[in-house]
Amino acid sequence: MLAKRIIPCLDVKDGRVVKGTNFEGLRDMADPVEMAHFYNTSGADELVFYDITASVEGRNLFTDILRRVASEIFIPLTVGGGIRTLDDFDRVLKCGADKVSVNSGAIADPSIIGAAAKKYGDQCVVLSMDVKRVDGQFRLFAKGGREDTGIDAMDWAVKGVAAGAGEIVLNSIDTDGVKNGFDLEMLDALAARVSVPIIASGGAGNMEHFAELFTHPGVDAGLAASIFHTKQVDIKELKRFLRGKGVEMRI
Amino acid sequence: MTAIVDYGVGNLFSLSSSLKSLGLETEITRDAEKLRAADRIILPGVGAFGDAKAKLDDTGLVPVLLEEAERKPFLGICLGMQLLFDRGFEYGEHPGLGLVPGQVVDLHNELEDKTLKVPHMGWNSLQIVKDDPLFKYFQDGEYVYYVHSFYAKDCAASTLGTSRYGNVAVTGAVRNGNVWGTQFHPEKSGDAGLRLLKAFAEL
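Residue numbers (our numbering), protein chains in the order written: chain A, 1 to 251; chain B, 1 to 203.
Hint data in this document are derived by calculation from the structure and do not stem from the laboratory.
Fair warning: there could be bad hints in the mix.
To be clear about the criterion: a stretch of chain A counts as covered by chain B if any three or more of its residues have a C-beta under 8 Å from a C-beta of chain B, and this derived list gives those stretches [as the list claims (entries may be wrong)]: (1) 1–9; (2) 70–77; (3) 86–95; (4) 190–198.
Label pairs and their computed distance ranges (CB to CB) [what the hints assert, rightly or not]: (5) R84(A) - A54(B): 26 to 32 Å; (6) E208(A) - D191(B): 50 to 56 Å; (7) R68(A) - R30(B): 23 to 29 Å; (8) E208(A) - P95(B): 51 to 57 Å; (9) K114(B) - D148(A): 32 to 38 Å; (10) L203(B) - R68(A): 26 to 32 Å; (11) K94(A) - P101(B): 33 to 39 Å; (12) G141(B) - T230(A): 29 to 35 Å; (13) N167(B) - A30(A): 40 to 46 Å; (14) D31(A) - K20(B): 20 to 26 Å; (15) N109(B) - N206(A): 40 to 46 Å; (16) T115(B) - T149(A): 29 to 35 Å; (17) D90(A) - K20(B): 19 to 25 Å; (18) N167(B) - S195(A): 15 to 21 Å.
Here a beta-carbon is modelled for each residue, glycine too, at the ideal position from N, C-alpha and C.
Here chain B stands alone, though its shape is the one from the complex:
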């Protein structure tokens, strides 16, 4: 069973539908026992870093997630990926889960061309920088769907793929041990996204 962590952040309809369409048993849950029993865990999320981290803290699930991330495949999506890092700087500095080294900073500050719109919203092509089982069914350069204003940096050692936006190589996918993350939404990235989720389900 694939557990989707329910901590009151974001719309989980598409994520759970996309997993179901792949024939995967899926449960949206905040029950520690179910997370422990799951084969793999997905941490979703939209919104602001600090607010989401506070909500995640409120569930009391953080110690469980940290433990399970060492034992089974764990995937953070969008803000869920950002929370994997050491810290984030959205509306102040906030500690993350520390599962992947790096920090999450304002994309706008890093862009030289200030006419580029932020949020970075829409379809961008993902360049694979390090081959990984996550890309088993995914081809270099395929387009994926992003919606975000902050991005992860200082994480070169864990970066699997990036998307070019102006002068910035936006961190698109990361991995550290059992922990994967995608800044883009695989559940909104059409067929390419579904193939990525299929590969994650086979990990």
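The shape of chain A in the complex, shown without the other chains:
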């Protein structure tokens, strides 16, 4: 059977990996290519790179890094951040990305999901959503979690999948950076609505949180950043721990 996936996420700004808490107060961590190597040998099942640079120079630096990582590391790579057009898809795919994640770009222009799925296949299009509870509703946020779109997040996911998104990254703003565990309630709500793989993001603080996560059968993967970057949780150890709990893991 398919193994559950453990995915470290690298937010890259001006050529360096950074990770904020609740999306604010970024602090520098390390060199993305070195970190990618470290994670590859640690048993990461996939790597996610988010380009959080705004400048053209930063963007070129990012694609250079991506090209280097993709020439040296042979596990699936997902790339996101600033993806708004098919040209953006093309740019990162040519540098070795396997999947491209869209977030605010798809909110601004939902047709990008279908257009990209048609051109590159559903498996290539990852819909990434930042979601927060507002007035008893799971609300979709844009622009790195700063802007309430007023859209029901679960409806948005259903539409995205119908348009061709092959996978969903659900990042709960409510649990992100708090390290108190994944947002299981929100993940269950999503799993009840869509049948594509779901990657849980936001809230991992320790190994138990992953064990708890994978008791929810609708969840396929767990994504985290700072706990892996700071080596608070070692991926090798985490995977052995989870396998011991009966979770299928690639070791």
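Fit chain B to the known structure of chain A by using the hints.
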């Protein structure tokens, strides 16, 4: 030289990088002479069966590939493996290359547990059912990376390895004479995948 057939389907960056990382001279080409001169040929592919087959037909390379597949090691990867079979049923029935007996059918229809997600996407363990030089550096049960919604069946005689998904033994690797195929992506299967490509390069 290892030739990767370029017929406008899929992203060849990782495949060519992975071969280069093994120190192999690699060329992405649609030139019949280069395919004839190559030591071995890899047929990649992502997307839908019929569309990819039409694109391959458009290159005019099919007769060359059929000829070369008799003379040198030939590897189809993912959709490239599916195209090796007699026919595929993705969006209608389409003839394949007929290099490996069997057909390519919708995985979803074969799954008893309909809650299992399709595409079959992620890391699954490959059980070796028939030993082969392709597995020279590969151990039974190692994990490989899959992304696909259709799979090859009625091909027991050529099957080298399978991965369990629900009630289905997904055909993971096949061989018929000089022709090998992997449904999974060795170029995305980490170290295990690289070892498999290394073995293919030594064939």
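Each hint tested on the structure:
1. 1–9: Per the Cβ count (4), the hint holds.
2. 70–77: holds (count 6)
3. 86–95: Coverage by chain B holds here, the residue count being 3 at a Cβ distance below 8 Å.
4. 190–198: holds (count 3)
5. R84(A) - A54(B): 26 to 32 Å: holds (31 Å)
6. E208(A) - D191(B): 50 to 56 Å: violated (29 Å)
7. R68(A) - R30(B): 23 to 29 Å: 28 Å Cβ-Cβ, so the 23 to 29 Å window holds.
8. E208(A) - P95(B): 51 to 57 Å: holds (53 Å)
9. K114(B) - D148(A): 32 to 38 Å: The hint (32 to 38 Å, Cβ to Cβ) holds, given that K114(B) and D148(A) are roughly 36 Å apart.
10. L203(B) - R68(A): 26 to 32 Å: At roughly 30 Å between Cβ atoms, R68(A) and L203(B) fall inside 26 to 32 Å, so the hint holds.
11. K94(A) - P101(B): 33 to 39 Å: About 37 Å separates the Cβ atoms of K94(A) and P101(B), which means 33 to 39 Å holds.
12. G141(B) - T230(A): 29 to 35 Å: holds (33 Å)
13. N167(B) - A30(A): 40 to 46 Å: holds (45 Å)
14. D31(A) - K20(B): 20 to 26 Å: holds (22 Å)
15. N109(B) - N206(A): 40 to 46 Å: At roughly 41 Å between Cβ atoms, N206(A) and N109(B) fall inside 40 to 46 Å, so the hint holds.
16. T115(B) - T149(A): 29 to 35 Å: holds (30 Å)
17. D90(A) - K20(B): 19 to 25 Å: Since D90(A) and K20(B) have Cβ atoms about 22 Å apart, the given range 19 to 25 Å holds.
18. N167(B) - S195(A): 15 to 21 Å: holds (18 Å)
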